[in-house]
Structure formats: C-alpha cells, structure tokens
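Number of protein chains: 2
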Amino acid sequence: MKNEKILNVSVDCVVFGYDVATKSLNVLVIKRFLESEKEVLVDDYVLTGYHVYQHETLDDTATRVLKELTGLTNQYKKQFKAFGNPDRLTNEKDLIWIKNEEFNTRTFTIAYYFLLKTDDVDLNKNEHQAKWFPVNNLPELGFDHKKIITEAYEDLKTKCLSEPIIFKLLPDKFTINDVQDLYESILGIKIDNRNFRRKLINKKYIIALDEKQVGVSKKPAQLYIFSKDVYDKMFQKNYLINI
Amino acid sequence: MKNEKILNVSVDCVVFGYDVATKSLNVLVIKRFLESEKEVLVDDYVLTGYHVYQHETLDDTATRVLKELTGLTNQYKKQFKAFGNPDRLTNEKDLIWIKNEEFNTRTFTIAYYFLLKTDDVDLNKNEHQAKWFPVNNLPELGFDHKKIITEAYEDLKTKCLSEPIIFKLLPDKFTINDVQDLYESILGIKIDNRNFRRKLINKKYIIALDEKQVGVSKKPAQLYIFSKDVYDKMFQKNYLINI
DNA sequence: TTTTATAAACGTCATCTTTACGTTTGTTTT
DNA sequence: AAAACAAACGTAAAGATGACGTTTATAAAA
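Going line by line, the protein sequences match chains A and B. Each step along the first sequence adds one to the number in my numbering, with nothing skipped, and position 29 is 126. Each step along the second sequence adds one to the number in my numbering, with nothing skipped, and position 183 is 280.
None of these hints come from the bench; they were simulated from the model. Quick caveat: nothing in here was measured; it's all calculated off a predicted structure. Glycine is no exception: its CB is placed at the ideal position from the N, C-alpha and C atoms. Be a bit skeptical, because a hint or two may be false.
Here are some, though not all, of the chain B residues that point toward chain A, as calculated from beta-carbon distances under 10 Å [unchecked claim]: (1) W229; (2) N233; (3) I263; (4) K296.
Okay, derived cross-link-like pairs now, SDA-like style, lysine to any residue, Cα gap no bigger than 25 Å in a straight line [said to hold, decoys possible]: (5) K325(A) / I338(B); (6) K265(A) / R294(B); (7) K256(B) / D216(A); (8) K265(A) / T255(B).
From just these sequences and the hints, can you work out the full model?
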C-alpha cells in the first residue's frame, strides 16, 4: 500500500469444536483484554489472532496461534478468506480498544478456521479467558469478528458436503448417529436416519469395528472409524455437475 | 507483523477468459517490466496486481486492477486465497526484479480471479503487453504466479460443479454444446453429449430462445440463455452429502 | 425372571437420476 | 437429389434417493 498508513498483517483463527455428547458445534473465543495505565479493561469476546512473524508463512502463524491458545498441533486447518476493509477495526464500540499508534494503522487479517473436538482442549491451560460458544448463539464480538465467524461457518457448511472433513470434528471411533447428529448441527437440518445410515454404511471407507458403545442405557451402537487410507486410494474426482 | 521489515499488501488478479470459438480457456498475463537507469528489462510474464490504496477495500483494488488492464467493470470476481510466504518473491530468477528498497520488504498478496469472455477484452487498449495463454499451456511466470494461477484454476474447477458460474464465461446466447465444450475445457474430461444435453435442458433456468445459430455450415443449433432470475427464485440449497 | 421402553438396525417400494448406448432430424454442401 | 454431419431425440438398465414400516438388542423397571 503506497501511502502514509502503517500496515499490519495478522492471522485470525476461528476454532470450531464439536462436542459429541451435547451435539453442539462451538467456536472458541477469548475475552477482549487491554491493560492501560490505570486499569484492566475487559468486555466483549474476540477471536484469537496474532501478527505474522518475519520468517513465518501464513500457515505457520495460524498453527502457532492455535498452539498458544489450545496447546494443540496437527489439527485440520483451512485458510478461507482475507479481511482488510479500511474501517474494519473502527466501529464506534471498538475505538477504545485501538491503541494510539494503531489509529494510523491499516490492518489486514488472513482468516483460518480449525476443526477439532472440544474435549481435546483444556481451557485452563492458557492465559486467555477462552470460552466455547455454540456457533448459533455467539456472544457480542469485537471488531468484525462476527462476520469472520459467519463466513468461516458458511465455508464449513459447503465444504462438509463434498469432503470428509466432518470426521475431523468427531472422535476416532464414532457411531453412525454421531455423524448424522453432526451433519444436523452444522447444516441446521433434519435427516432421515434410515436413509442416512444406509448411505454411510455403503461407503467403503467407513469401517465397522468389532466394538460397540459401552455404558449406554439402551441398545449400544456399533462403532465405526473413517479410513483416510481407503478414502484416498479409492478416491477419484467425481465430476458431478450439480448446478 | 512486529519486526523491522516493511510490509506490503497487494492484490493479484488471475483473469480467466474463455474463447467460445476456439474452445479455449485462457489466462491474461503481462510482460514483466522494469525501467532501470540504463535500460528497460523485459522477460517473463506475470499476473497483474497492485497495492491496496488507503481508502480502498480489497474488492475495490481487484476491480480497479481489472479495469486498468481490460477496461472492463462488473465482471464476476472471487477472492480465493492470500499468499505471503517470506520467500515468495526471492527465487534466484526473480532477484533482479526486486528494487533495492524491496529487499527489506515482506509482500503479501490477496489473490482474486475473474471470469469473462476473451472477446470482451481489447488488448490494444492498455499499456501493458498483455497476452492470453491457454490455462494448460502457460509461459514462464515470475515470482510465485504460476502457483497462484494453479490454485485459482483448482478453485474454479470445484466451484463450476456446484454453482452456475460457467455462464460468466459464455456469451449471453449460447448452445448446449457450447456449455458442454466449456465444461470439458475446464475439467479436462469428455462428457456424453446426449446425457449432458438432457440434463441441461431440464433445468428451468436454461431457457430456449426463438432463435438459432446463423452462418454455420451444418444444422444450426438452438440458442439458450441462462436466467439468473429463475435460478435465484427456484434456488434452495440442496444438502446433498457427496463424500 | 419377565416385561417394558427405546434407540439401533434392517427392509421395501416408488421415484428420480445417471450411464450407456442407438436413432432420427434438419441444414448446408456436393 | 444425394451426401455429409452436427443437432436433437429416444430407450432401457442400473444406481441413488426419499418416504416410511418393521424388527432387534440392550438396560431398566416391574
């Protein structure tokens, strides 16, 4: 950008976590936090993000941000959009949060989302006041972070229809109904269990284990795993034109 | 980015143009150009791009870049990925092209692609030495621009299967075979004409005109238009899980 | 021990979609 | 008038989907 403003490039992360027990798709956010001379201000929630370090790729930054927030590495991640409107940090409500030197700063953010299991995250292990919120019941969010989450969610909705990323949100061993519940959570729809079940069981990469649920008070369900190996081997792009 | 390097944020544009006559999907690139004190250097081709102005959104920058290159506005555009690897401009071959002050610069680019008709572009109207190349037969490209084009193309391949963006590449009036040819060009596959034809004709938003091809030396084909109105009206997200 | 409640799992039929071909039609050129 | 040929139409089998009924296995209650 050829002008007087200072540029700032950061990565913001939308962390989606699914809780198979409560069937709820959540987003991890932190309390907005500012130490001034006089006091510590805390109000809305925001996404976690950070500046891109000098020798880092954008992917590396996203990985670092997730690790610092959750302790996790090797989670599914996707860069889905860049945000950089000139006014994106200057809603009236946000002005107090902008440090003086930042008034003259143009901030771009490359947004990523992660897919993982809420159970894998220990919220006490980090210094942020991180908290899960259901994706359909988010708190007030600072800056343009509501919009960023909404766009991440839209991308997830589309992508889960054509790629087996759904399994990144589930434990290794799952039941057919777990998968159905998750699709219903993400897409906000009801699916016929008998048809869904038939469809999934017919996939060669959904493999039945010699194992059933334990500790349930009804007929225990068959457990399955998703085999990425089988999926990759049999995978051939199907060019189904569906417009 | 909290470090000494100067930051630079630009938008690069991959302009896809389809030529219905030759059935070829092309990319518009320009000669790489540098005026030094002694001489004018020209070698490889590169994508067009420019810095993001102070009061501009990223979308505005992309629109401006396209207009400056082609004179066109209101073309289909999509932001598909940000590129920002620390080494993305410093291949050995590229070093000569980096101005002195840029050695200490970290450059991010937000990449867009456009869909339009080659016929709509008058290449003589701009100062660049712009040239169309078939997407499967690109010239040597500077920086990481080959990679950027490849990723744009991948996105287009996926997206044309689930959204009617194909019609952005065709003239308003087209034949069924035009559409088939275009899908075959983009996807690099052969499609059965009889099945494809039936499928397309059954779509309510593909509307037959009272008009046929003229000036062809065989049976002239029926002309159709795509009705965005009908498409939007009847559109309801079909949640076909196709994993 | 038997019964009951209930989620899991299986089954069926009609309809729509896709795949793989063969056939006819309409226009221009010979 | 005939030939050439792309455009356009047709058909049957296989596969996928949608809608819905039935059976089964388990834990908890009686």
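Hints and how they fare:
Interface hint status for W229(B): violated, as the beta-carbon distance to the closest one in chain A is roughly 25 Å, over 10 Å. The criterion of a C-beta within 10 Å of any C-beta in chain A is not met by N233(B), whose closest approach is roughly 17 Å, and the hint is violated. The beta carbon of I263(B) is positioned within 10 Å of a beta carbon in chain A (closest approach about 7 Å), and the interface hint is therefore held. Proximity of K296(B) to chain A holds as hinted, the smallest CB-CB distance being about 7 Å (cut-off 10 Å).
Taken as a hint, the K325(A) and I338(B) pair is honoured in the structure, with Cα atoms around 18 Å apart against an allowance of 25 Å. With a C-alpha separation of about 39 Å, the suggested pair K265(A) and R294(B) falls outside the 25 Å cut-off, and the hint is violated. This hinted pair does not check out: K256(B) and D216(A) have alpha carbons roughly 34 Å apart, beyond 25 Å. Distance check on the hinted pair: K265(A) and T255(B) sit about 21 Å apart at the alpha-carbon level, within 25 Å; holds.
Going through the hint list in order, the structure does not satisfy hints 1, 2, 6 and 7.
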